[in-house]
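Trainee: Please dock the two separately framed chains into a single complex, following the hints provided.
If you read the sequences in order, they're chains A and B. In this text, residue positions in the first sequence follow the working numbering: the first is 1, and each later residue adds one. In this text, residue positions in the second sequence follow the working numbering: the first is 1, and each later residue adds one.
These aren't lab readings, by the way, just hints derived from the structure by calculation. The model shown is predicted, which means the values in this text are computed figures rather than measured ones. Glycine included, every Cβ here is placed at the ideal spot set by N, Cα and C. Please note that the accuracy of each hint is not assured.
As the list claims (entries may be wrong) - Now the stretches of chain B that chain A is said to cover, found in silico as 3 or more residues with beta-carbon under 8 Å:
| id | segment |
| --- | --- |
| 1 | 72 to 85 |
| 2 | 105 to 112 |
| 3 | 161 to 175 |
| 4 | 486 to 497 |
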Amino acid sequence: MDALYFLQHYWWALVALLGAILVFLLFVQGAQGLLLRTASSESEKDLVVKYAGHKWEITFTTLVTFGGAAFASFPLFYSTSFGGAYWLWICILLLFVIQAFSFEYRKDAGNIFGARTFEIFLFLNGTLGTFLLGVAVGTFFTGGAFTVDKVSITDAASPAISRWANGWHGLDALAEPMNLLLGVVVFLAARTLGLLYLLTKPDVGEFAAKCRRRLAVTAPAFVLTFVAFVVWMFLKTGYGVDPASGEIFAERFKYLHNMLHVWWIAVVFLLGVVLVLAGLAKHFLDKGTRTNFYMVGAGALLAVWAILLCAGFNDTAYYVSTVDVQDSLTLYNSSSSLFTLKVMAWVSIAIPFVIAYIVWMWRKMR
Amino acid sequence: MLLTTLVDLSRWQFAVTAMYHWLFVPLTLGLGFLIAFMETRYVMTGDEFWKRTTKFWMKLFAINFAMGVATGIILEFEFGTNWSNYSWFVGDIFGAPLAIEGIFAFFMESTFFAVMYFGWNKVSRKAHLVSTWLTAIGTNLSAVWILIANAWMQYPLGMEFNPDTARSEMTDFWAVVSSPVAINKFLHSVTNGYVLASVFVIAVSSWFLLRKREQTLARKSIRVASVFGIISLAVLIATGDGSAYNVAKVQPMKLAAMEGLYDGSEKAPLVAVGVLNPDKVPGPEGADEDPYLFEISFPSMLSYLATRQADGFVPGINDIIEGGYEFTDRQGNTYVEPSFYEKKARGTAAVTALADYQAAKEAGDTLAMGQAKAMLEQNFDYFGYHYVEEPEDLVPNVPLVFYAFHIMVALGMFFILLFVLFIVFEWKNLIVREKHKWLLWLGIISVPLVYICSQSGWIVAEVGRQPWTIQNLLPVNAAVSGVEPGNVLTTLVIFICLFTAMLGVEISIMLRQIKKGGE
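Just chain B, same shape as in the assembly (with noise of 0.2 Å):
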């Protein structure tokens, strides 16, 4: 109980400072670049409207930035003091990405952010222009590294397990870093930043015109922001149908939910819209029920985004427990799925092999030492499992990855349409000669539906990832601190009083900065 406690509490803890760390950094990546868009224009041209534009935006960035880094640097403590026995089973695995994001990533972006944000006439406009990009590089290197750590906690590899020092070891730095789940995450990531900043930008840019305010200003920035959101978003869509197809190879729990999929099956349908049944759970117990009350689907369409095959068989939540079907992982092999009970089994058969052989190298016994060590390689591939008690501890929180999933789906899709009218009537001059009022207030109600959908993202990558930390090798209950819940419980009030308080003054900041305008 008090396990669960604390697993929970920590949870919590780690997800709010994630959630609070997401509202920044993704503003930051993106914006970055179109700041330097707009200050490569003043360099080329010499108009110094492009430095007052860019010094608006500029401006804008750095509050944002400020948050970034200081909820940033909690994440990378919490590693240690929440989940410390994660920090050493893949420590050395998970530790040199986090480094290496420190010595090139954290010292590029605030080095450059400084000559950026202060030295206007400290360093020459080209030196500076060079820093104003670099900043922007250095933002997205960083979430490169820490995007390449968290793609291996989803698909490990790479590595191998050594009893000596109980814990997983780097044998391939490449293959860690080159890992195709990492590269697609990367893409899907920093382009949801784009886009997030685009429709910021543009929000903006809208009050303005509605204002009266800063037209050349926000007209020009609304046709930077539209073509890079534009273009931002196709990548997002094509890495969108990447990370589901990496999902269903390596996480086909996490795909059930987000399609609230139980029993899986072949020429598998897309849920477009649905509203999911309660009382439906996995098991026989829910095996009567209906899992959605309403829903109007894609037929085959899952299928084929999971297999790339319009008939290819998509396991659901039951499947998956009970196993027994035919799998192909994202290596290519195909074998038959083990059940739960089976893989609890292995699971539990490599950390009693694991306990066997810490206590043979202790009596000195090699022969013992050689034999638990072959029984924890054969079946290390479900260490995770021993820690896992029940078949439905292996199901993440379906209602809440499955809306999640569509939120940002639709949300997504809106976004296309949201682009696409800004830039058609912005080149057509419709939007202030034809005094197109809905569209700018269009333009403002979305920015808190990308941040909803920006944060809809990171729910479906991380609670549909539970129960594990490192799939199928350590669950949370296996890789949180030995620390009592109520210490948690403070440290959580405490940070989301402060997050909460820090967000509030940055929104006021921000408002009161957009209020100003360019000077």
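Extracted from the complex, chain A is given alone in its bound form (with noise of 0.2 Å):
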């Protein structure tokens, strides 16, 4: 196999594992969204805020690092799509900004603006921050409004690289159902992931019962709605790319095809789903509360994996040019060198003793 074919992959594959992680490490934002209703006194809000907040630098972390891999693995892709999709990412850059300061700051004397206004912070983040996560994931599947042409750096009075074709600047995405279902799915995960997470909390009291009855609401809506994106994302034309000449065309059944054609896919994705199902099977069956909350994070986590692999792995446009087609990016177009990925891959080496260390925090600050 060629190294940069090989490494091309590797890197995607990582990258998706960073975005499948974030997902599961979503469970501070699920839980943070619980804030300004289910959470309504003070005692209970304190609660959430406790423990969302031990653990919401991870989450934000990898959050910056599946940035940083993306830039330094798929330039192309980081420049199309950020540069294009401006005001997504916008949006999204600044439901994560708010909540950076607000576990320290609210309830801090001193603090000016009160502390309902960092627990709307906290609010927005974990439901509409979720939510335009999904939709920004969804564009993996439908695609954006942009066209890329190397030769224009060389007009010095319009050198972008990357343009994108309509003044909404990635609002666009707004406008297309999958991407707004897939936006209530990763909600949903995010929700259910974090009603589970405070469950497996000792002196959580009297707030689990609440937790139990937005969960018997959450948790099946979650299912199907999952359901429903992954029948659609099967059903769906895709789009493939020739290795050799580059050439990009429509193919009917595409992440069907990628899930059937790469097996271990398929089987991580089965995976993933049976562990979310049996998770949320335990939880109803009242049967033990920690483990259900990482079966069910364990599952998405694999699920989403192999729906981010299939959107890139197996010859596919991952980001699909609604504009012309051929503008496509795909893991050949749009990565770094083959020095560079090397370079990458020797440094992720490092990774397992890097997760070594998260664990040993996690569990030591239970």
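Mentor: See below:
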């Protein structure tokens, strides 16, 4: 196998894995989203903030690293999507920025805006933030209105390589039903995980009953919308790429083909789905608490990883241009050079060490 | 016109974000180590006083840390949202340090920060101490990687241009990581953080002493901070000298702007204090004007700083535009510097060759591809000059860079005096016994001064390198995203409002926390 080909897939798998870990860690946002309604009393709010507040930095750092890894391994995606879908990314950015100081400042003496302001910030991050992240990820399947012309850099009057074809700059993603559906799925996944996470805490007290009532609605809604998205994805026409010529062409049931062609992705996906369903079934059968959260979390992680792998593997255009399909981004035309991917691959050997100390911290800070 | 407006707004947005970010990061860099020293004392002695002191400073660290994190993520996104051409043109090189920063440094600091801040009763005393040290090291490690990336933009090396992909690609990771500019920049920036944190600790402690509160905490904190500060300042000054030398070799226009030097000379003097003449402009129009209305200079000092020889030639702004002088670069190569117009012609030749290469590739003409590639390689060093229209466009904002540089140096000298005074007066027990309130007030008013000093340093580094995002290869007008200016104006206003509001809350909370004292 060609080294560049291997490394492009290796890095897509790693970036996808970071994205999948991020979805699991969005349980922090899921818990925050309970702040204004479910967690209505002061003690309930404090409880949510305390437990989400111990873990928010890991979620935040995963988002930052996801961005950094995408930049390093697929810079054309970074420049095309971030520079083109400007408003979509700026909105996500703002919704995460307001989270970063809210845990610390909410009840500090001297907070001139009052605790409520920061609770609203946390709520917005937990609801709208997760929804828009899902919308942005949805564009891996629905594409964007961009063009890419690398020769543009030779035009001093208008040198931008990537351009967005309309003035909405990414907000047009909100007009695509499939993106909206994925936004809802991610929001519901985060909330389901957030509720299960809070139920693992020993001092959650009477708030547990509220969480259970919410979960009785949220978890089935998550499963139903997730199934709807997956079915839609499998039935959807995707775009393949000929690695030799770079030509991009429409292919019916592309994502279903990807799943069937790369068998181990299907195994990962099925394992993820089984874990999610088993974890939720255990919860509703009233068996265990801590393991339910980890089962559903691990299941969501595996299912999302498989879906993201499906978006780029098996010669697939992962970011389709709705203006000119030949401008679409693939692992081959958007990646960093062989040298850089190699350097980064050596660096990635340290990732298990990083995961090890995060796990240590996680266990100690229960 | 639209492109100019877009570039200006994008520069403003990035500058505002970076300056706000740099309000919080230096304190994090330095306070992390100060806290680690204090907790080490606690673990070694078992004295609860040091635990209480550590916790007090740790709370201030956390208040500040949150804002550093919030503003930091915006910078990372803005490379893509506002500088998308840049992201493609050099993403192959610039992205790697950014990703490594995330994998190694950010996870380290965020993971161990959680243990440090919330884990007093959850891990052993030693595990907590290790976490505190790892938080401090993590914050400094993240500075390593982002400063490597920044230094590469000022002194690009370890790469080659690939005409097939129309971008620069990394060929030597070690050259990027071990760049002398990067090493010097890292040491200069982090020691700036250490000095800032030391002044901060001294100022808060001075306030306690004036109020006759927390006297032991304040005095011991002053001892730790003044020693840490003076050692850091020594490294800061040494690396400041290194910075000036590097700038002279890789960005001579920045050095000329720092000194308001329009016409170069041998035995060039270093301006200690000066007022620029606003009528002085580059080129023949400003030839009759003196660059300064008033100045006091050290003879030959600039030549020595820039060339390590008292009679070395230092080019001024006009020399750099006109060329024709002998120049020795950072690698020791000596050549006659081309004029702006020669560089522009070569830049245009390089860009035209790239277009020719792409056209030949489309047509399948391998011979023409080879010729175009050879032409591109021959002229690539001046690629970015194609986008620079007039010679004056090469000149950064001279007054801003000049005054920022001199304010930074003057305040640096002032901090030597400040640390020495606090060391002498504290160790001789004069501050409290003799009631030297003036020194305590001096400590307090040093807080705004140290922030001005720190921001001035970044103004010199970043405004001084304009118009380049990548020195000589990519100016700002070729690096910007293809969005309409109104979008950037809107986000700029949003960011300014948000940052300012949050800075207000941060300061308010910080002051209340200080008033509360140790618990």
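Trainee: Hint by hint, note whether the structure agrees.
Mentor: Structure-based check of all given hints:
no.: 1; hint: 72 to 85; verdict: holds (count 12)
no.: 2; hint: 105 to 112; verdict: holds (count 6)
no.: 3; hint: 161 to 175; verdict: holds (count 8)
no.: 4; hint: 486 to 497; verdict: holds (count 3)
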